[in-house]
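Protein chains: 4
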Amino acid sequence: MRISKEHIAAHNEEHQADNEAHLAFLDAQLSKQGVTLSLLLDQLKDFQVAIPSWALGAGGTRFGRFSIGGEPGSLEDKLDDVGVIHALTQTAGAISLHIPWDIPKDTAAIKQRAEEHGIVFDAMNSNTFQDQQGQPFSYKHGSLSNSEKASRQLAIDHNIEVIQYGQELGSNALTVWLADGASFPGQNNFRKALQNTQESLHEIYSHLPQDWKLLVEYKPYEPNFYSTVIQDWGTSLMLAEGCGERAHTLVDLGHHLPNTNIEQIVATLMAKGRLGGFHFNDSKYGDDDLTCGSIKPYQLFLIFNELVYGMQNNDAGNPPLAWMIDASHNVKDPIEDLMQSLEAISIAYAQALLVDQQALEEAQRNHDVTMCQEILQRAYRTDVRPIVAAARAMAGGALDPLGLYRKLDVRGQLIGERGKTVVATGL
Amino acid sequence: MRISKEHIAAHNEEHQADNEAHLAFLDAQLSKQGVTLSLLLDQLKDFQVAIPSWALGAGGTRFGRFSIGGEPGSLEDKLDDVGVIHALTQTAGAISLHIPWDIPKDTAAIKQRAEEHGIVFDAMNSNTFQDQQGQPFSYKHGSLSNSEKASRQLAIDHNIEVIQYGQELGSNALTVWLADGASFPGQNNFRKALQNTQESLHEIYSHLPQDWKLLVEYKPYEPNFYSTVIQDWGTSLMLAEGCGERAHTLVDLGHHLPNTNIEQIVATLMAKGRLGGFHFNDSKYGDDDLTCGSIKPYQLFLIFNELVYGMQNNDAGNPPLAWMIDASHNVKDPIEDLMQSLEAISIAYAQALLVDQQALEEAQRNHDVTMCQEILQRAYRTDVRPIVAAARAMAGGALDPLGLYRKLDVRGQLIGERGKTVVATGL
Amino acid sequence: MRISKEHIAAHNEEHQADNEAHLAFLDAQLSKQGVTLSLLLDQLKDFQVAIPSWALGAGGTRFGRFSIGGEPGSLEDKLDDVGVIHALTQTAGAISLHIPWDIPKDTAAIKQRAEEHGIVFDAMNSNTFQDQQGQPFSYKHGSLSNSEKASRQLAIDHNIEVIQYGQELGSNALTVWLADGASFPGQNNFRKALQNTQESLHEIYSHLPQDWKLLVEYKPYEPNFYSTVIQDWGTSLMLAEGCGERAHTLVDLGHHLPNTNIEQIVATLMAKGRLGGFHFNDSKYGDDDLTCGSIKPYQLFLIFNELVYGMQNNDAGNPPLAWMIDASHNVKDPIEDLMQSLEAISIAYAQALLVDQQALEEAQRNHDVTMCQEILQRAYRTDVRPIVAAARAMAGGALDPLGLYRKLDVRGQLIGERGKTVVATGL
Amino acid sequence: MRISKEHIAAHNEEHQADNEAHLAFLDAQLSKQGVTLSLLLDQLKDFQVAIPSWALGAGGTRFGRFSIGGEPGSLEDKLDDVGVIHALTQTAGAISLHIPWDIPKDTAAIKQRAEEHGIVFDAMNSNTFQDQQGQPFSYKHGSLSNSEKASRQLAIDHNIEVIQYGQELGSNALTVWLADGASFPGQNNFRKALQNTQESLHEIYSHLPQDWKLLVEYKPYEPNFYSTVIQDWGTSLMLAEGCGERAHTLVDLGHHLPNTNIEQIVATLMAKGRLGGFHFNDSKYGDDDLTCGSIKPYQLFLIFNELVYGMQNNDAGNPPLAWMIDASHNVKDPIEDLMQSLEAISIAYAQALLVDQQALEEAQRNHDVTMCQEILQRAYRTDVRPIVAAARAMAGGALDPLGLYRKLDVRGQLIGERGKTVVATGL
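Protein chains in written order, with the numbering used here: chain G, 9 to 435; chain W, 9 to 435; chain U, 9 to 435; chain R, 9 to 435.
Excised from the complex, chain G in its bound form (with noise of 0.2 angstroms):
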């Protein structure tokens, strides 16, 4: 299942009018703002995100998993998949593999697939937070932190094999997810499991290619619960320091105590010319891993507004930064709910390039809270979703990438190919 720039072409045109119609009514109101549409729509339309590999098949939870039909079997389908996200949104050109879930077996075969798709390989994944069959050492009590220098080993050489495979593929960051942990006092010592960290991170970072990053993940619990190694980002950054110039602290949205403020350790990072990616997605209570925007889309709006500020304001020579969505699917069709992610993210990014950083830099200087919280909500209330449609349509996208989908039945032919039963490999 393809989609053909014919379907976007006469999807386009049935929903043109109406788009434009609020486009230019909106073009009108932001010129007074001093806002240049043209240019908005410039940055809207070069603004990509990857999407993992893992995401496109149903996910669940440890109390079980709901299937959809026409799940992909195989990395052709996944790359499938995020070509029929990407043909519709133009905005989801890179996906994001993990290993073992993902080896390519023909690589040069897998490469052409993803470019005529019109897909790059992001940030690669590896996986050092399960066994594999007949592995010689378990990752049970840890993995890159084991008290066990055959554990440690073994999870090393793991990630330089990914780094291998992302060369062939053409990626350029590794992202260390690190579940090692304890859940119960007393389990780990803590100092040994941070050193010992450090020293494979390093080991892993030797072996990087010049022009590749290494991007460590952080996260408080799951799947241990009385300890993380790397529990917060002040842990991420100590051994982002401890690595290189080019380690980086990636965010993942979900993976904060309660009421963390993420916009702030969003501007610490970049202030300190450290933050190298982004997972996106939404949760209430934990690592829920819902579709992007769905729960807190204001929060969303504050992180892309320092993300813009940022990059705007560059003086710790932050790299570019991986962006890349990391949901997990229960209940929704995955590809729906990405496209839903990818509408959601692009929202947040033209609000927060709607925030007049002049007045709320000045009002600020005058301690004007009142003008502060204006500023940022005037952008915030503004409806962006033509201008999002537009940017889209312009890259060769759908003004409607959901409506279009369905109206195309995507899932029913993918289930006609595939068969309802197929399980995607990845949780």
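Think of the hints as simulated: they come from the structure by calculation, not from any bench. A few of these clues could be false.
Intra- or inter-copy, both count: the list cannot distinguish identical chains.
Stated by the list, open to error - With a straight-line Cα cutoff of 25 angstroms, these simulated SDA-like cross-link-like pairs (lysine to any residue) come out: (1) 40 x 29; (2) 415 x 373; (3) 428 x 374; (4) 113 x 394; (5) 13 x 128; (6) 148 x 366; (7) 148 x 427; (8) 200 x 120; (9) 40 x 17; (10) 53 x 391; (11) 200 x 214; (12) 415 x 376.
The hints should help you fit chains W, U and R onto chain G, whose structure is shown.
Coordinates of chains W, U and R only, in the frame set by chain G:
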């Protein structure tokens, strides 16, 4: 300082063209969705939120307080401040008094002054969380729940007195916020404290005029830090049901544990016909008492979505709700802050009125989770600001209340009238 | 693998002198405080906690699972494992089965095997959070709350079937844990979901034998991440009261929002006569299902303090409680883990029995908060381990169950009997 | 009111036989575990915790405050109160002053009075969270982080002045708790606030005498409710490292988001050699400032376990720690409350000293999670009260400080001397 009709007329004339243009555009859009703008405007025009008398001065924390100038030094001043807000917004047509901070000396004069501002007297608030000078028994270890009869009786009598003040003023509800609880394990006998509270509330209820309601607030912690007698909605409902039909639960948005799904509580209480009123504010951490919509505007919308649904499908005979803001203005001008809250509340209400209930019901029936989200977010993402402004102007308010407030330099005039150092009664 | 009386006798002989010495010392101390040690020992000896059948294999998370060897591959094996625990501790004289994971094929044989181990059948557990192969209607979008009658009826019938299995085995309670809820705003109609649940529970209740109880569990989130139909004790109590007198609330320690005062909930439910049972575990973040007492042992004590008070002052006629452990054993040997939980529960119970209730009441009456804390902590800080051990030995158990379990190499023998790779049914 | 040696001697004589009997029993037990009681007693005897000068009066919340009688009305009175506590416990040999609440008028006299009580001057505390009367620039919108140079300089100068007071008194550390932050999104520029703070701290640091330490406290929220400039340990560490070698992080137990693993933070900071000091208290919800050990005594033990390990394995050259209680006494007599805190801290320290570090290391190496837990809990469950009492008595303190305090009716005498209505300076 009073805002005259002429001030408002002149201001509105200046902004009318712009707002009408936006409104016309929205009207065209919404009518395609089956929304009749004029009905929407009528509903918004009728919507009134009470201002608590204690929120017109600068608030603070246990770490101190920074004054603003021109604070109201008397009940008359407070009425005037609400008068300013109401003149500008036409959505603040009620005041909620706190006894003993606002004991009216000349009831007739106070009533007349309120009437001049178009303000009625909403729910009365009692105070049994502080000792007043010369008080014969202390509330240090509890009031309505105190193990000593004398303290309980004092608190009961105080509440009855508050009802009497309210009757004179034309109020018809008593809100009981009970700070009683314990800061240490063992301090309280949970069961006896609950029983005492039930009996005390029952006695107060027995003194309630026939057309009055008793509103029972709940809160998990603060000022007690181990347990609070009425810790959650379940306890409040249990106590209200133990009193009688005119006792209801009052929801304060800040009075919940982290991550609580408040909109579900609202739906449950309305399903039981026991939601009595609302204290609006916003918060990130605890009972932060921030401006409504400043932190979690989507949550505010979801709550209004339940309120609108509940009012439109009122099987259980839930009574009309007592709406009130309950925020603390620590760093903003309280009048500005309250107007921002009113704006956020009106926006959330307007967005909720835009939800296509029929489509939502159908999507829910089809388990079409993607579409359920789309329907809610379609309403939420609509820029309803011009609608809210238009409704306000139709009722005689200003299109841009904050702008006019600043242009008229109301705070400057209040400082001129009242001085820089007066401190409003209250917290 | 069975633990013989000889094993235990030999082991106890070895440890008896030490324990007796400590016990004698404590007896002298406690008698000064007016505590009669023999009464305490009797109460402890009678205390039995059920083991859930699904907790005898290794648990896991959505990120995977690490097996242990010798897991029970059948209901018979599970009974044998509980048999080991009960032989060693004499406090695990009951098993709580889960249908369909534990459907007995030969009921008489199963009952006999249980009897040989001295084990009875505690509350039965139904499962409507997963679809079973070939199931005609899905629970993906809810079971007892589903908007479709067919799914609801399937779930009702399943619960009735579970009752029937339970009757054959001699159980007398049904525990309903309802995972139903929504992961996204708008997905569910809160009110209809609640009504459907009430009706479904009522129908199940109408099939309940006269000597049975219905236990209604609550949980704020997981596996749904926006809302859960039975989200808190208030909702559970409402539903239980809507069913009838034999319906009660079941408290699982891990099923609360951060910082919830659980002991107050326990006290409130007992004051209403509606506390039906308990699922013991411990947690730091969410429903972590850790070993009891491994994270918050003082909270466990405070809960037992309310339980003891409630049982001793049972004005509301609260029924005898169904005690059960509900933990997940991800990194420890499940049998060892369960024995650690039993030890922690017994310790908390013993400490609670030591609380000087009369002195506490007096200190509360005098508002002597310092002393209230002293009284509770005096009991808590007492080293009751020798008392718990002695009670266990008096009942025929081992003074040091964990020590004997290791000395006999029970796990090694189970691996020998069952192999390294069998996976227990369940999560 | 002073406690004489005779009072203590008479009291101890009465209780000595009992305590010795218990101690002898413990000695026999512990020696089997390889613990030398006399070493333990020595370590406990040397352990001193500072009392903050502001904690000797009744505390309160934003909702009010209930006085106790006999509060200290001057710095002299405060020293006398600490003197009472120290005479009774011999573990409170230091006071931590707050400027401007405790500016000494006659330094020599104050020093002499302290010396008479055996009290030294611990870390000095500055106050830039309140405006003092006549202050030329306000801290309303920040102090060290303020966007205005004038407010920053005022705050810097104040801190330098506090150092000078401290030098005169013999202190050697300055604690900076910075309340700066924002209550609303947009109010602050995160990056500039951080930079300003770094520069301000650096300037203060440059005025630090060579033998002094700078302790940088962190806190996630309150009195600001959206963001705090130094929101977590990561930010504090970053700022401390930016100052120099003698700047360190100070951990206040109440200054964390829900569910934070504090002991891991302690371990990490000690691994970096940057843990400077500790503010002890306890809490259930936020910065509740309750008596140490009153809510989570096991967490206190786990923290001490890391402290003991860190002090015994001090590879990174962590400096000696500044220990201090920082609690608020809202419902108890502050002196009693502080003595309960001291008792809980000493108990946790003693339990941590009992941990069999060698066995723990071995169990960790063997991934024997069950045994790791057993080892910690074996120490925690030991009733160390007689050991703590004996160490106190050896140092000249009372076996039962609270008992003696009440028997001597110290509070009654303080009320006699000072009256019922004096209010201590501070919060």
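Status of each hint after checking the structure:
1. Proximity of residue 40 to residue 29 under the C-alpha cut-off of 25 angstroms is found in both arrangements, the shortest distances being 17 angstroms within a copy and 14 angstroms between copies.
2. For the homomeric pair residue 415 and residue 373, the shortest alpha-carbon distance between copies (20 angstroms) is at most 25 angstroms, but the shortest distance inside one copy (51 angstroms) is not.
3. For a Cα distance limit of 25 angstroms, the shortest separation of residue 428 from residue 374 across copies, 19 angstroms, qualifies, whereas the shortest one inside one copy, 61 angstroms, does not.
4. Taking the shortest Cα distances, residue 113 and residue 394 never come within 25 angstroms of each other, neither inside one copy (42 angstroms) nor across copies (57 angstroms).
5. Taking identical chains as interchangeable, the C-alpha atoms of residue 13 and residue 128 lie at most 25 angstroms apart only when both belong to the same chain, with a minimum of 20 angstroms there against 62 angstroms between chains.
6. For a Cα distance limit of 25 angstroms, the shortest separation of residue 148 from residue 366 across copies, 23 angstroms, qualifies, whereas the shortest one inside one copy, 52 angstroms, does not.
7. Within a single copy, residue 148 and residue 427 get their C-alpha atoms only as close as 35 angstroms, which misses the 25 angstroms cut-off; across copies the closest is 19 angstroms, which meets it.
8. In this assembly of identical chains, residue 200 and residue 120 lie within 25 angstroms of each other by CA distance neither inside one copy nor across copies; the values are 45 angstroms within and 47 angstroms between.
9. For the identical chains of this complex, residue 40 and residue 17 are inter-copy neighbours only, at 24 angstroms across copies versus 32 angstroms inside a copy, given an alpha-carbon limit of 25 angstroms.
10. In this assembly of identical chains, residue 53 and residue 391 lie within 25 angstroms of each other by CA distance both inside one copy and across copies; the values are 18 angstroms within and 23 angstroms between.
11. For the homomeric pair residue 200 and residue 214, the shortest alpha-carbon distance inside one copy (21 angstroms) is at most 25 angstroms, but the shortest distance between copies (34 angstroms) is not.
12. Proximity of residue 415 and residue 376 under a CA criterion of 25 angstroms is satisfied inter-copy only: 15 angstroms between copies versus 49 angstroms inside one chain copy.
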